[in-house]
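Residue numbers (this note's numbering), protein chains in the order written: chain A, 1166 to 1425; chain B, 1166 to 1425; chain C, 8 to 336; chain D, 8 to 336.
These aren't lab readings, by the way, just hints derived from the structure by calculation. Don't take every hint at face value.
[What the hints assert, rightly or not] If you only want the chain B side, here are some residues facing chain C, beta carbon under 7 Å, derived:
1. SER1220
2. ASN1246
3. PRO1287
4. PRO1292
5. GLY1293
6. GLY1296
7. ASN1298
8. SER1302
9. LEU1325
10. LEU1331
11. ALA1340
12. GLY1341
13. LEU1342
[To be verified] Reference listing, derived: stretches of chain B covered by chain C, where coverage requires no fewer than 3 residues with Cβ under 8 Å from a Cβ of chain C:
14. 1205-1219
15. 1230-1244
16. 1275-1286
[Claimed, not checked] In silico BS3-like pairs for lysine-lysine, Cα to Cα no more than 25 Å straight-line:
17. LYS318/C - LYS303/C
18. LYS1206/A - LYS36/C
19. LYS281/C - LYS1422/B
20. LYS1422/A - LYS1206/A
Remember, it's a predicted structure, so these values are computed and weren't measured experimentally. Where is the CB? At the ideal position from N, CA and C, for every residue including glycine.
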Amino acid sequence: MANRYNLMELMVCVAARQLEDGKTAVIGTGMPLAAAMLAQKTRAPNLIIMFEAGSIAPQLVKLPLSVADSYTMTGGLMLSNMDETMATCQRGVVDYTFLGGAQIDMYGNLNSTMIGTDIQKPKVRLPGSGGANDLASLCWKTLVITPHDQRRFVAQVDFLTTPGYLTGPGAREAAGLPAGTGPYKVISTLALMGYESETKRMCVESLHPGVTVEDIRANTGFEMLFADNLIITLEPTDEELDVLRTQVDPLGLIIGKRST
Amino acid sequence: MANRYNLMELMVCVAARQLEDGKTAVIGTGMPLAAAMLAQKTRAPNLIIMFEAGSIAPQLVKLPLSVADSYTMTGGLMLSNMDETMATCQRGVVDYTFLGGAQIDMYGNLNSTMIGTDIQKPKVRLPGSGGANDLASLCWKTLVITPHDQRRFVAQVDFLTTPGYLTGPGAREAAGLPAGTGPYKVISTLALMGYESETKRMCVESLHPGVTVEDIRANTGFEMLFADNLIITLEPTDEELDVLRTQVDPLGLIIGKRST
Amino acid sequence: MSDGEMNTSMGTLFSPPDVEGARQFFAAKSRVLTDKLMSVSEAVTQFVHDGDYFSSGGFGMIRISTAVLHEIVRQRKKNLGFAGHTSTHDFEILAAGRCFDRCDVAYIVGLEVCGLSPQARRYMESGAVQVTEWSNATLGWRLKAAAMGVPFLPARALLGTETFKYSAAKEILCPFTGQKLAALPALYPDVSVIHVHRADVYGNAQIDGISVADWDLARASKRLILTTEQVVDTSEIRRTPELTQIPYWLVDAVCHVPYGSYPGNMPYEYYLDKEHLNEWLEAEKDVATLDAFLQKYIYGTQDFAEYLALKGGEEHLAELRAREPLQRG
Amino acid sequence: MSDGEMNTSMGTLFSPPDVEGARQFFAAKSRVLTDKLMSVSEAVTQFVHDGDYFSSGGFGMIRISTAVLHEIVRQRKKNLGFAGHTSTHDFEILAAGRCFDRCDVAYIVGLEVCGLSPQARRYMESGAVQVTEWSNATLGWRLKAAAMGVPFLPARALLGTETFKYSAAKEILCPFTGQKLAALPALYPDVSVIHVHRADVYGNAQIDGISVADWDLARASKRLILTTEQVVDTSEIRRTPELTQIPYWLVDAVCHVPYGSYPGNMPYEYYLDKEHLNEWLEAEKDVATLDAFLQKYIYGTQDFAEYLALKGGEEHLAELRAREPLQRG
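Chain A with its partners taken away, still in its complex shape (with noise of 0.2 Å):
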């Protein structure tokens, strides 16, 4: 078992089912855009993935390096541009964002703007929003994928980047951002998280095979909720992994080289 898949390839198949057929979805490069695209080439056949860079509903032959790069185009119904990838989030029509980030606290909130203390002279200066705070505003639904451990989710991220739930239930109401959105899922390397309904806080839903709830706490610093009805997560199916490695990621530059 310990051999049939890596980390990586099972932290894709389990973030790929988070994202229902028929739906939008703009994605960023790396993990999550390896999560759509295998989605859409197994139970969501019609995904709609939009790039924020402006194309829209391309039929991916191969993983973008950039969200702008001709790989996001290939076989799309419209290209358009930033304010028409955007707009559409704003206006409520995306369901579905998934993002990366450096930090994470219980609430969803992430950041990758910087490590410190002075937005001036940052110790680690990081990207910066760049789409993420648009999208996780205005999307309805906001994954993450990320590596567990300590440095990453945090009881206070040093900087709020990218709005998760804020300071928790009817903070994002109350800030104006859009009814009804927010943090979704979290896709990490120890377990998948989703958020309690009432308090707004990170909870786990399942607990990756071998992971144990000591694990998760050493590795977390804030206090995580587990979910009454807690599950291991189903491993990688066969065809998930078969798709994954032959028309998904051929070169290994997510889910890694496989050894011969």
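The hints should help you fit chains B, C and D onto chain A, whose structure is shown.
Chains B, C and D only, in chain A's frame:
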């Protein structure tokens, strides 16, 4: 002389001379467009004509029947949309607009909405602003072409559809309209008028051949000003008339059919 | 920058800028890929309801969906709201059918250089229609606000005029410059129709030439009916994706209606039929003549194809194709 | 709709939303039809001045004007403001040259999946650059506000975050719904560069594929330099006017630079050179290596053609053409 040209031809020729080469203009159908075409085919070959419906810099081959019809698009540099034309005006890139109007007052305010007192049950319902309010608000210089009589040159418009100088100097700026914009010329059946720079009041600059100051007074419902250097309107040249009749309006839609 | 009082407007806001409600509506609208081909009659029956706020694409007598406008009259839809944006022949048809009772006005009752519509004027002067005044740009930007998902957009038009006073815009001060601006509330039509050059059965659609305000209209509308000159395979859309203006998830119905803009102009296809537009104006001179005219061309016909046949069919349409100045290539 | 206090931001507004000043500038800008073909060196000398606020079109390493970016470094332009909008390799080049000292940040220092730029990080962590934070959509909408000629546009992003706090946006209440919105001030770059697929000598230009924010950028910018893969006759522009994105009166210089986006991707033409992008990242690891690298490729070369020759010339470029997945037709 009386047979060399008619009043419509005179007006179109006088109007055409007001448009400088290498400038931008948003033009409506009818006499304004005939004037713009004549200008383009005589002294202003690089006058850039834009239509509010979205055609940008066409090479006109025939007078369109609508500001959106196929004849607005022939040879266009860019076929775009109404937002592009109007935003271009709002950004300060459009030098001229050229309008008609049912009523005009001494500050160049225009009514094209209604005759009567109750907008919900008008005596005569007219088309409304169309693009006129936008264009006269946003373009640098507004030209108007209209028959000259007491019903049209009125002390007070029944409805202030489109802004001229409103109540006089400074009023446009106080209302929030872009600084430095406003009425520029009026070409009527009797005269060419401008606006006095101090008072912003309409002022005759040249009388059409055979027209007297008394004629103007008798046909104007407000106190018209007259320039110190009042002159007689230069008659259409043979070249202007030839281009107008053979290239701009060979069917006589605007200038009337010529008796043979 | 600005001095003086803030002015208030007194027009009625027929369709409120309820961005949260619109977001909920769009969230629930299906994005599943389904064949939406249907007849004009079905589309109007299913998607246009009495009392709806309706908007018509194109530019009055250019690239309009005459077929749907006739069908709305034929089905005797009533109490519609109407966006009188750059409207001419479209307005004339609905005014002949007395289909609307409230109207956001930018341009109505006229047919540009072709004259004024007697029936449209009678109807608007009768007091039967409540009006709120706007302008072409500001009514278009109301649609853009909705398309962008914001409750308003600022603009520098309308200010200082009675068009503002009888609009439902508001004066605001710019939070950065302090200058006066007109705030334009987002407009979400309940249902709109747009006539396009080509669409696939799902509703992916392309428009050639200028698109007027249809990019924003398609996005602002809660329900959208397309009529199209041509139904094409999706692969053709994917071959020229820069020309796609309307993606399928905005669309509720796709109706194949060749010559669907007649007697209006369809750029690159056929020019307008000025003689028939004059026939309309002539017939409107009194109510009895108009009733007979409507009976002949709309109430007494089954569908738009019958109307085209009455107007001379293929032979006449070929002539209008020959009159069209824009050629492809 | 909203409760709670209005929040204020503390970022510096590097370029004020002075719509009246911009209108005056655009009024005075020549719209005369003149041949604007010139070399990249001339264009940068004439139109990019120390201290200008500069913006770069495309998307970081896709359809960028590498030639102009190199020339800015080569001419040792200093104290630029920079719109860090979707920037990656463009930012990396200017950070290597230490050309800017203030930056509106949406996305900087990263190269998406290709990694982070050590020099860009060093430069941004040194305190030499003043930053104001935004996001891709909101920085893009700032350009749209300028393009539309309004001092601000409202948006529903940024709210509730420190990205807002360190931006120069303002919270406002919608005059219709009362809901909280972020007001985004118009951004007018002093000078921008956009790399396009084809342009005529006057500056009428077309972009194939996605245009990112370049429609608005071209309109918001006071001065605009185009570099183009192909110089075409105006008749070709008039043959496909739906594809025109930039009319000539927006443009100050047209530079003919085939492969002008190298090592970036030019959709439909050539794919990006990931190996050379990695070479950049490698060279940045320490300052001495970087200096030698810049000497070799930028300071020590006359122009962009020399750089292309150093990178393998036609043979290597043909390979990148072969790697491009989008084919015309």
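Give me the numbers of the hints this structure contradicts, sorted from smallest to largest. none
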